[in-house]
Amino acid sequence: MSDAHLLTRPAHELGALLTSGEVGAAELTQLHLDQIEALNPTLNAFLHVDADGAMETARSIDAARASGAELGPLAGVPIAVKDNFCTLGQPTTCGSRMLEDWVPPYDATVVTRLRAAGLVILGKTNMDEFAMGSSTETSAFGPTRNPWDTDRIPGGSGGGSSAAVAAFMAPLAVGSDTGGSIRQPGSVTGTVGVKPTYGGVSRYGVVAMASSLDQPGPVTRTTLDAALLHEVMGGHDPHDSTSIAQPLPALSEAARRGDVAGMRVGVVKEFGGEGFEADVEARFHEAVELLRGAGAEVVEVSCPNFLYALSAYYLIMPSELSSNLARFDAMRYGLRVGDDGTRGVEEVMSMTRGEGFGREAKRRLIIGTYALSSGYQDQYYGSAQKVRTLVARDFEAAFAQCDVLVSPTTPTVAFRIGERMSDPMSMYKADLCTIPSNLAGNASASFPVGLSSDGLPVGIQVIAPPMADDRLYRVGGFLEATLEKQWDGPILDRMVPLAGTKVVAR
Amino acid sequence: MNDEILDFDEVLESYEPALGLEVHVELNTASKMFCGCSTAFGDEPNSNTCPVCLGLPGALPVVNRKAVESAIRIGLALNCQIAPWGRFARKNYFYPDMTKNFQTSQYDEPIAHDGWVEIDVEGETFRVEIERAHMEEDAGKLTHAGSSGRIHGAEYSLIDYNRAGTPLIEIVSRPVLGAGAKAPAVARAYVAHLREMMRALDVSDVRMEQGSLRCDANLSLAPIGSTTLGTRTETKNVNSLRSVERAVTFEMRRQAAVLAGGGSVVQETRHFDEATGTTRSGRPKSDADDYRYFAEPDLVPVAPSAQWVEELRATLPEPPAERRRRLASEWGFDEIAMTTLVNLGALGLVEDTVAAGASPQAARKWWGTELARRSNEAGIGVDELTITPAQVAEVQRMVDEGKLTDKLARQVFDGVLAGEGDPAEVVASRGLEVVSDDGALAAAVDDVIAANPDVADKIRDGKHQAAGALIGQVMKAMRGSADAARVRELIMERLA
Amino acid sequence: MALTPEEVARLAGLARIQLTEQECAELAPELDVILTSVHQVAEVAGPDVPLMTHAMPLVNVTREDVVRRSLTPAEALSGAPAVEEGRFRVPQILSED
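Line by line, the protein sequences give chains A, B and C.
Residue numbers for the first sequence follow this note's numbering, beginning at 852 and rising by one.
Residue numbers for the second sequence follow this note's numbering, beginning at 1260 and rising by one.
Residue numbers for the third sequence follow this note's numbering, beginning at 54 and rising by one.
Extracted from the complex, chain A is given alone in its bound form (with noise of 0.2 Å):
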């Protein structure tokens, strides 16, 4: 097999070359290093790439399997950290001024399970400054770029696991969502991203955004490696008080097994019309056809409270959000401005947080503060976590009819750079779909559906109650084996390769 066809191979396919000893860890990391160097220039998917210890690990695991040990299925499989992951010995920044150079003294249970079942950790990935953003455009460090069109956002906030994945810098991506920013990302570069059941996943040592909302899941190219990558990284874990201390249900199995005849699935009536893209709702609407078609029982659903959803989370997002990003004060880590001697404290805290956060920051941080504040938390904080109430309630209700529920993952395809910047509601926008599943905790995914006619991709969203991961994957599976067929080949395949990349076309 050639090095270009091995870029683009699966993770589990990997795995298996891996295990069967025809590839070695140490050459898959190293092509995909030289694929890092190659793009990531153009892409800034990367904002720190650990060659020295990637290599390390891989022949460490080579060296293991040498010796016989036995190894989980994907040893020695590369993968790229979204950059609020702790990760001992390399950066967190979380795309920030205020981080920058920051490393952690612990990893974070995810980054523990990673090295536990032998990944070997790239390097940590862009995203929207403390995941403030659905374009990646937020981070201090640059904007990442689009692989299927580099003028384009690549989705955020986790912007740079999506492209990582998407132009085959990694195989593999961690993410985390708390309004969208695995779902929507992935809708947008064609990838597969699933924000698990909140609690699925340990959030320990991923620096909060919205605590009650944010979730870490994978990022992948396929639902079967979404799923594996899923059990390696969830279940219990004692450190976060929020886990669900409750055995994952069979993730892989029900990706493999791909079938949804008698499934029940229920089409969210608000999320069409106005605001979305017509190629956007005839890609979704083909796939729900697919389903139908294969025995799949399609009914429309009402959640009326989903219209109240995104207004709802924008206020608990940042109240949130205000109280967890206290910490960065410059006073135990990150950055610190203007003592020079003469300035006290409380002035040294404000100027570095008047220097270290960015402009979309300093409005979420300002936004919830007055959330929050005395007179207004009942009107403002107290509303929006009743509305979160009523959109449970909807979910309840939907899901007394329905096994899963689907709808367009983001109303758009990929925006262009800079085009919503200077409009904040326009970009808030970009999670209407995905925000109603973080305030009730369902698992929920997106997976490729096709292209619009300009060649961007559209994504599905599934969503399924808490703890019914598998179901996910049993659409997604289903859905990528049936349009696989149609297209003859992943949907990456349909990609104008980029400059300088590795990959060469089949």
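Source of the hints: derived by calculation from the structure; they are not laboratory data.
Some hints could be false.
As the list claims (entries may be wrong) - Taking lysine to any residue and the SDA-like style, the derived pairs with C-alpha atoms no more than 20 Å apart in a straight line are:
no., chain 1, residue 1, chain 2, residue 2
1, B, Lys1400, C, Gly139
2, B, Lys1624, B, Ala1596
3, A, Lys1280, C, His92
4, A, Lys1336, A, Glu1140
5, A, Lys1280, C, Glu83
6, B, Lys1325, C, Thr115
7, B, Lys1441, B, Arg1501
8, B, Lys1495, C, Thr115
9, B, Lys1441, B, Gln1469
10, B, Lys1400, B, Asp1464
11, B, Lys1325, C, Asp118
12, B, Lys1400, C, Gly132
13, B, Lys1495, B, Trp1590
14, A, Lys1280, C, Gly139
15, B, Lys1350, C, Gly132
16, B, Lys1400, C, Ala135
17, B, Lys1325, C, Arg116
18, B, Lys1735, B, Trp1590
19, B, Lys1735, B, Leu1700
20, A, Lys1280, C, Ser90
21, B, Lys1441, B, Glu1594
22, B, Lys1400, B, Tyr1415
23, B, Lys1666, B, Leu1676
24, B, Lys1544, B, Gln1526
25, B, Lys1400, C, Leu147
26, B, Lys1350, A, Gly1233
27, B, Lys1400, C, Glu83
28, B, Lys1350, A, Ser1225
29, B, Lys1325, C, Arg121
30, B, Lys1544, C, Gly66
31, A, Lys1280, A, Leu1158
32, B, Lys1544, A, Ser1225
33, B, Lys1350, C, Gly66
34, B, Lys1400, C, Pro134
Using the hints, position chains B and C against chain A.
Relative to chain A, chains B and C alone:
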């Protein structure tokens, strides 16, 4: 700037004080409230810290079950309702000793609420209503560097976060009205009562000098006959029982002077100055007091089942009033003697000393006079002296055995308090021992056996515990200058 | 209920963010647009609807009172902007807590 103050008697002519106390109890758990770091006091700076208590990005808290159990037990001991479901809350404000710039606490859903305690002050019983008791975490420790060593004029500060995240229970009283002239004594007695209670519950070291029991005293004055409360001040850093009393007295006199001069009391935080016995202005209430409380999303609610609460109730020591009655009758002390010991904070010390072998009278004598005097001179609580009940009992035993006179015993206390070691070591190093005489002792034993033939028969029949009565009489005859163990030996030899 | 630059400055003070006058002037209308469009939440739910502060209804998640390994002081201080005598060194504190 010195504050004007009024004579205490003049205060009472015109004003009625309303007293409120917030007491912070540091729990004696092995690990912190939300992480597995040790709560040990005095370790190397920042050696008991981790991502959680340092507030590092990404770290998450997990509640210490023993801390919750202690909170429930404290709530039950305070006659509180235990909330069947309650969340933690974040109290948001910026201060460098707090690693997250919010304190994880409880707000409108405290684990315990609506309780009461009764305290005795100079023969009068006061009922103090408890508004709430809630769980929260402590902050780190600041050291101010520069010429003064104090916060004002410091060039910079240094922070040790070993204490950050230590579990605290905050006990908030409702305003205590009608105490009048006794308000300072009530404040002191209340804190002493809580300290005694925490010690009996074994939930805290309650060492005020180390900060494991801290008190903020709220005080306001209203004209006599008024039905509304006046503007209150909150005095912080009141860190000994004596200081509680002094701080309340000073605030009464200061506020009365302000009001009498036609001014109005400023609602503010004040700081107690141990050296001068005065309070000085801290910061006024401001915008920074908008704490933006909201439910802590990183922690799930605490929902103690009725069964769990009942299991914890079964572990409670006897209620303070009952305990006081029982001890009074066991020890043969009158009401005044008991109240004195309670308000001194010495009831548990006396009990422990008796348990270690001393007679109640002797234990009371040492703690209630000799050691109380020393603690008063040092401006600390009697329990904060560096001498244990076991050591006091040991000194008394040496007195009973005739090895020490009371006068010598005082010198032994000097040595122990000066850190010269256990009583035996102090006696040896200072050469304080009295010589004993076996001949006189043998004669006294023979006299006592002859005078108590019934008891002697019981011992011959094998009831060895009856020997206690004879030993006591011999000790009495020897005026305590005998070795009780030797007395027992002599009795047993004769009645074998 | 238009948000004024002065209100933005007050909130920025509460959030400890130094903003220039120009930033306050720019942020005020931006934030006002956001607040106006999200304000609809206040009219949606009645007084009987409970707040949903957590995504999952878990209770009583606790740990045993057992001491675990801490970071070393060197690890704890590794990211600090300034260190002295094993402690975090911070600028002078002007206000008492």
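Against the structure, the hints come out as follows:
At roughly 13 Å between alpha-carbon atoms, Lys1400 (chain B) and Gly139 (chain C) fall within 20 Å of each other, so this suggested pair holds. Between Lys1624 (chain B) and Ala1596 (chain B) the CA atoms are separated by roughly 11 Å; this keeps the pair inside 20 Å, and the hint holds. Simply put, Lys1280 (chain A) and His92 (chain C) have alpha-carbon atoms about 16 Å apart, close enough for the 20 Å limit, and the pair holds. For the given pair, Lys1336 (chain A) sits about 16 Å from Glu1140 (chain A) by alpha-carbon distance, which is consistent with the 20 Å threshold.
For a cut-off of 20 Å, the pair hint linking Lys1280 (chain A) to Glu83 (chain C) stands: about 16 Å separates their Cα positions. The suggested pairing of Lys1325 (chain B) with Thr115 (chain C) holds, with an alpha-carbon distance near 9 Å, which does not exceed 20 Å. Note on Lys1441 (chain B) and Arg1501 (chain B): the hinted pairing holds, with a Cα-Cα distance of about 14 Å set against a maximum of 20 Å. Between the alpha carbons of Lys1495 (chain B) and Thr115 (chain C) the distance comes to roughly 32 Å, so the proposed pair goes past 20 Å and is violated.
Annotation: proposed proximity of Lys1441 (chain B) to Gln1469 (chain B) is violated, straight-line Cα distance about 28 Å (limit 20 Å). As the CA atoms of Lys1400 (chain B) and Asp1464 (chain B) are separated by approximately 19 Å, the hinted pair is consistent with the 20 Å bound. Between Lys1325 (chain B) and Asp118 (chain C) the alpha-carbon distance is near 6 Å, which keeps this suggested pair within the 20 Å criterion. For the given pair, Lys1400 (chain B) sits about 19 Å from Gly132 (chain C) by alpha-carbon distance, which is consistent with the 20 Å threshold.
Between Lys1495 (chain B) and Trp1590 (chain B) the CA atoms are separated by roughly 38 Å; this puts the pair beyond 20 Å, and the hint is violated. The straight-line distance between the Cα atoms of Lys1280 (chain A) and Gly139 (chain C) is roughly 48 Å, outside the 20 Å bound, and the hint therefore fails. With a C-alpha separation of about 26 Å, the suggested pair Lys1350 (chain B) and Gly132 (chain C) falls outside the 20 Å cut-off, and the hint is violated. Between Lys1400 (chain B) and Ala135 (chain C) the CA atoms are separated by roughly 16 Å; this keeps the pair inside 20 Å, and the hint holds.
For a cut-off of 20 Å, the pair hint linking Lys1325 (chain B) to Arg116 (chain C) stands: about 9 Å separates their Cα positions. As the CA atoms of Lys1735 (chain B) and Trp1590 (chain B) are separated by approximately 17 Å, the hinted pair is consistent with the 20 Å bound. Our distance criterion of 20 Å between C-alpha atoms is met by Lys1735 (chain B) and Leu1700 (chain B), whose separation comes to about 11 Å. A distance of roughly 12 Å separates the Cα atoms of Lys1280 (chain A) and Ser90 (chain C); the hinted pair therefore holds under the 20 Å criterion.
Only pairs whose Cα atoms come within 20 Å are accepted, and Lys1441 (chain B) paired with Glu1594 (chain B) is accepted, the gap being roughly 18 Å. Our distance criterion of 20 Å between C-alpha atoms is met by Lys1400 (chain B) and Tyr1415 (chain B), whose separation comes to about 14 Å. For the proposed pair Lys1666 (chain B) and Leu1676 (chain B), the alpha carbon gap of about 16 Å is at most 20 Å, so the pair holds. Distance restraint check for Lys1544 (chain B) and Gln1526 (chain B): the Cα-Cα separation of roughly 7 Å lies within the 20 Å cut-off, and the hinted pair is therefore satisfied.
Distance hint between Lys1400 (chain B) and Leu147 (chain C) is fulfilled; the C-alpha atoms sit about 16 Å from each other, no more than 20 Å. Note on Lys1350 (chain B) and Gly1233 (chain A): the hinted pairing holds, with a Cα-Cα distance of about 16 Å set against a maximum of 20 Å. For the hint pairing Lys1400 (chain B) with Glu83 (chain C), the CA-to-CA distance comes to about 41 Å; that exceeds 20 Å, so the pair is violated. With a C-alpha separation of about 12 Å, the suggested pairing of Lys1350 (chain B) with Ser1225 (chain A) holds against the 20 Å cut-off.
Among the hinted pairs, Lys1325 (chain B) with Arg121 (chain C) is consistent with the structure: their alpha-carbon atoms are about 15 Å apart, no more than 20 Å. For the hint linking Lys1544 (chain B) to Gly66 (chain C), the alpha-carbon distance of about 15 Å falls within 20 Å, and the restraint holds. Only pairs whose Cα atoms come within 20 Å are accepted, and Lys1280 (chain A) paired with Leu1158 (chain A) is accepted, the gap being roughly 11 Å. About 14 Å separates the Cα atoms of Lys1544 (chain B) and Ser1225 (chain A), which keeps this hinted pair within 20 Å; it holds.
For the proposed pair Lys1350 (chain B) and Gly66 (chain C), the alpha carbon gap of about 17 Å is at most 20 Å, so the pair holds. As the CA atoms of Lys1400 (chain B) and Pro134 (chain C) are separated by approximately 18 Å, the hinted pair is consistent with the 20 Å bound.
Hint violations for this structure: numbers 8, 9, 13, 14, 15 and 27, all remaining hints satisfied.
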